[in-house]
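Engineer: Each chain, written out:
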Amino acid sequence: MRSPLVVLIVVLSSIAFGAPCFAEQSKTASGLAVGEMTPSFPVLAVTGPHKGKEVCYVCAFTGAPTIFAFFRQTGDEMASVARELNQLARRNQDIRVVAIVIEGQDSQPWLEKFAQENGITIPLTVLRNGKDDIAIKVYKLNANMNNTILMSVKREVAANLVNVNAENFNMLTSTVSKVLDQR
Amino acid sequence: MIARRLITRSSLLIWVIVCGSLVSSAQHGGAEPKRESRYPLITSEELKILIDSKATQDIVIVDTQPSEYFAEAHIPGAVSLPYTNRIKPPVNLPRTKTLVLYCPCQNEEESTEMAIQLERLGYSKLQLLRGGIPRWRELKYPTAEVSTGKDPTEKP
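Going down the list, the protein sequences come from chains Y and L. Residue numbers for the first sequence follow the working numbering, so the first one is 1 and each next one is one higher. Residue numbers for the second sequence follow the working numbering, so the first one is 1 and each next one is one higher.
Keep in mind the hints are simulated off the structure, nothing from the lab. In this text, a Cβ means the ideal position worked out from N, Cα and C, and glycines have one as well. Be aware that a few hints might be false.
SDA-like cross-link-like pairs, simulated, lysine to any residue; straight-line CA separation at most 25 Å [unchecked claim]:
(1) Lys154/Y to Tyr141/L
(2) Lys154/Y to Gln57/L
(3) Lys53/Y to Ala159/Y
(4) Lys137/Y to Lys48/L
(5) Lys53/Y to Lys97/L
(6) Lys140/Y to Ile49/L
(7) Lys48/L to Pro76/L
(8) Lys88/L to Lys48/L
(9) Lys140/L to Gln117/L
Ranges between beta-carbon positions, derived for each pair [stated by the list, open to error]:
(10) Gln73/Y to Arg95/L: 34 to 42 Å
(11) Leu180/Y to Leu121/L: 33 to 41 Å
(12) Glu36/Y to Leu121/L: 40 to 48 Å
(13) Asn168/Y to Lys54/L: 33 to 41 Å
(14) Arg183/Y to Glu36/L: 40 to 48 Å
(15) Gly75/Y to Ser67/L: 12 to 20 Å
(16) Gln87/Y to Ser37/L: 44 to 52 Å
(17) Gln105/Y to Leu139/L: 15 to 23 Å
(18) Thr173/Y to Glu45/L: 42 to 50 Å
(19) Ser67/L to Gly63/Y: 22 to 30 Å
(20) Ala33/Y to Ile49/L: 42 to 50 Å
(21) Gln93/Y to Lys54/L: 25 to 33 Å
(22) Lys140/Y to Pro89/L: 25 to 33 Å
(23) Asp52/L to Ala33/Y: 40 to 48 Å
Partial pick of chain L residues on the chain Y-facing surface, computed with a CB cut under 8 Å [unchecked claim]:
(24) Glu36
(25) Pro40
(26) Pro66
(27) Glu68
(28) Tyr83
(29) Cys103
(30) Asn107
(31) Gly122
(32) Tyr123
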């Protein structure tokens with residue numbers, strides 16, 4: 001018979017080591033999981049042909065693998081990743097890329113200037129209601145993450161990456177290649 | 001007798017609107033660019049007339065947005081049937097009425113997909129709202145929200 005002391009040690013160990021691991025995981029988790037359906041959500045287009053209009057890119061890009069890059073806010077960190085995403089879209093004509101800023105409509109002037117100065121052709125958009133937008137709940141976004149990048153194929157999440165930056169961007173590039181190969 | 005007269009009147013109104021829109025689009029392609037659609041399109045303006053004249057007895061407005069968005073804002077009187085790539089029967093919608101489907105899409109992509117599935121399930125009276133709810137909002141038409149424990153309330 002197992003000693004109660006051993007059982008107690010096992011229980012305490014799992015509380016001591018398991019809980020922080022779980023907490024860490026939930027802190028860095030953001031976005032719909034792989035395999036979940038991508039629901040439609042409207043955004044306000046800041047650049048591109050639909051500038052100033054409410055657009056549902058999930059609906060518009062249904063036929064093509066699409067990257068939805070949700071950014072917490074505008075700034076240098078977003079700029080470096082958005083430039084990479086723009087390059088990625090240029091290299092892969094089969095995919096569509098949309099950048100969505102959670103911060104909301106206040107980001108519009110920055111985004112317009114950024115697109116103009118950097119020749120960004122991917123649509124730059126904002127959530128209509130900022131941090132209160134329903135998309136955050138529907139897409140299970142952790143608004144504290146710098147970014148959450150989801151790749152969708154046929155309305156299903158095929159990849160989910162969090163806190164992508166210019167240094168680890170290769171991670172996204174190789175994920176995209178893998179997903180496209182598996183199609 | 002009165003009910004019968006009302007039904008006849010509303011049917012006539014729908015018929016006039018549908019014919020009017022067909023003639024109008026044939027003449028000058030409408031205000032918006034002409035698009036091919038598998039199902040008849042109804043404009044926001046036409047739907048608004050039906051709602052305002054309380055002539056919606058023969059139609060059911062079907063909202064295909066995710067339920068969270070439906071709760072936030074939908075066309076008054078609409079019922080929620082969130083988009084899915086496989087509608088599971090039974091569908092709680094009447095077959096005798098015209099279903100007017102709308103989505104949050106500008107080009108009716110989701111409402112078309114839903115209409116295709118409903119057609120496979122035996123629904124034959126299907127129409128799509130041109131431009132979906134974005135166009136409805138663009139025109140600043142009223143939307144309703146779902147408040148917990150309360151009836152849908154209209155807001156301007």
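Engineer: A separate judgement is required for each hint: does it hold in the structure or not?
Structural biologist: Hint-by-hint comparison with the structure:
A hinted pair counts as satisfied when its Cα atoms are at most 25 Å apart, and lysine 154/Y with tyrosine 141/L does not qualify at roughly 33 Å. The hinted pair formed by lysine 154/Y and glutamine 57/L fails the criterion: a straight-line CA distance of about 37 Å is larger than 25 Å. Distance hint between lysine 53/Y and alanine 159/Y is unfulfilled; the C-alpha atoms sit about 28 Å from each other, more than 25 Å. Distance restraint check for lysine 137/Y and lysine 48/L: the Cα-Cα separation of roughly 31 Å exceeds the 25 Å cut-off, and the hinted pair is therefore not satisfied.
At most 25 Å may separate the alpha-carbon atoms for a hinted pair to count; lysine 53/Y and lysine 97/L exceed this at roughly 33 Å. For the hint pairing lysine 140/Y with isoleucine 49/L, the CA-to-CA distance comes to about 38 Å; that exceeds 25 Å, so the pair is violated. A distance of roughly 10 Å separates the Cα atoms of lysine 48/L and proline 76/L; the hinted pair therefore holds under the 25 Å criterion. Proposed proximity of lysine 88/L and lysine 48/L is contradicted: the alpha carbons are some 30 Å apart, above 25 Å.
A threshold of 25 Å between alpha carbons decides the hint, and for lysine 140/L with glutamine 117/L the separation of about 31 Å lies outside it, so the pair is violated. As the Cβ distance of glutamine 73/Y to arginine 95/L is approximately 50 Å, the hint placing it in 34 to 42 Å is violated. Restraint check, leucine 180/Y to leucine 121/L: a C-beta distance of roughly 34 Å satisfies the suggested window 33 to 41 Å. For glutamate 36/Y and leucine 121/L, the Cβ-Cβ distance of about 25 Å falls outside the hinted range of 40 to 48 Å, so the restraint is violated.
Range check, asparagine 168/Y to lysine 54/L: about 59 Å between beta-carbon atoms, so the 33 to 41 Å window is missed. Taking 40 to 48 Å as the suggested C-beta distance range, the pair arginine 183/Y and glutamate 36/L does not conform, at roughly 27 Å. For glycine 75/Y paired with serine 67/L, a C-beta distance near 34 Å fails the hint of 12 to 20 Å. At roughly 36 Å, the beta-carbon separation of glutamine 87/Y and serine 37/L lies outside the given 44 to 52 Å, and the hint is violated.
At roughly 20 Å, the beta-carbon separation of glutamine 105/Y and leucine 139/L lies within the given 15 to 23 Å, and the hint holds. As the Cβ distance of threonine 173/Y to glutamate 45/L is approximately 47 Å, the hint placing it in 42 to 50 Å holds. A hinted range of 22 to 30 Å for the beta carbons of serine 67/L and glycine 63/Y is consistent with their spacing of about 25 Å. Evaluation of the 42 to 50 Å hint for alanine 33/Y and isoleucine 49/L yields a pass: the beta carbon distance comes to about 44 Å.
A beta carbon spacing of about 51 Å between glutamine 93/Y and lysine 54/L contradicts the range 25 to 33 Å that was offered as a hint. A beta carbon spacing of about 29 Å between lysine 140/Y and proline 89/L agrees with the range 25 to 33 Å that was offered as a hint. For aspartate 52/L and alanine 33/Y, the hinted distance range of 40 to 48 Å is satisfied, since their beta carbons lie about 44 Å from each other. Checking glutamate 36/L against chain Y by beta carbon gives a least distance of about 16 Å; that is not within 8 Å, so the hint is violated.
For the restraint placing proline 40/L at the interface with chain Y, the shortest Cβ-Cβ distance is roughly 20 Å, beyond the 8 Å limit, so the hint is violated. Among the interface hints, the one on proline 66/L holds; its C-beta lies about 4 Å from the nearest C-beta in chain Y, closer than the 8 Å criterion. With a least beta-carbon distance of about 5 Å to chain Y, the hint placing glutamate 68/L at the interface is held under the 8 Å criterion. Satisfaction of the interface hint for tyrosine 83/L is found here, the shortest Cβ-Cβ separation to chain Y being roughly 6 Å, below the 8 Å cut-off.
Interface restraint check: cysteine 103/L against chain Y, minimum CB-CB distance 6 Å, threshold 8 Å, status holds. This hint holds: asparagine 107/L has a C-beta 7 Å from the nearest C-beta of chain Y, less than the 8 Å allowed. Annotation: interface hint on glycine 122/L violated; nearest CB of chain Y at approximately 25 Å, more than 8 Å. This hint is violated: tyrosine 123/L has a C-beta 21 Å from the nearest C-beta of chain Y, more than the 8 Å allowed.
Hints 1, 2, 3, 4, 5, 6, 8, 9, 10, 12, 13, 14, 15, 16, 21, 24, 25, 31, 32, counting from the list given before, are not met by this structure.
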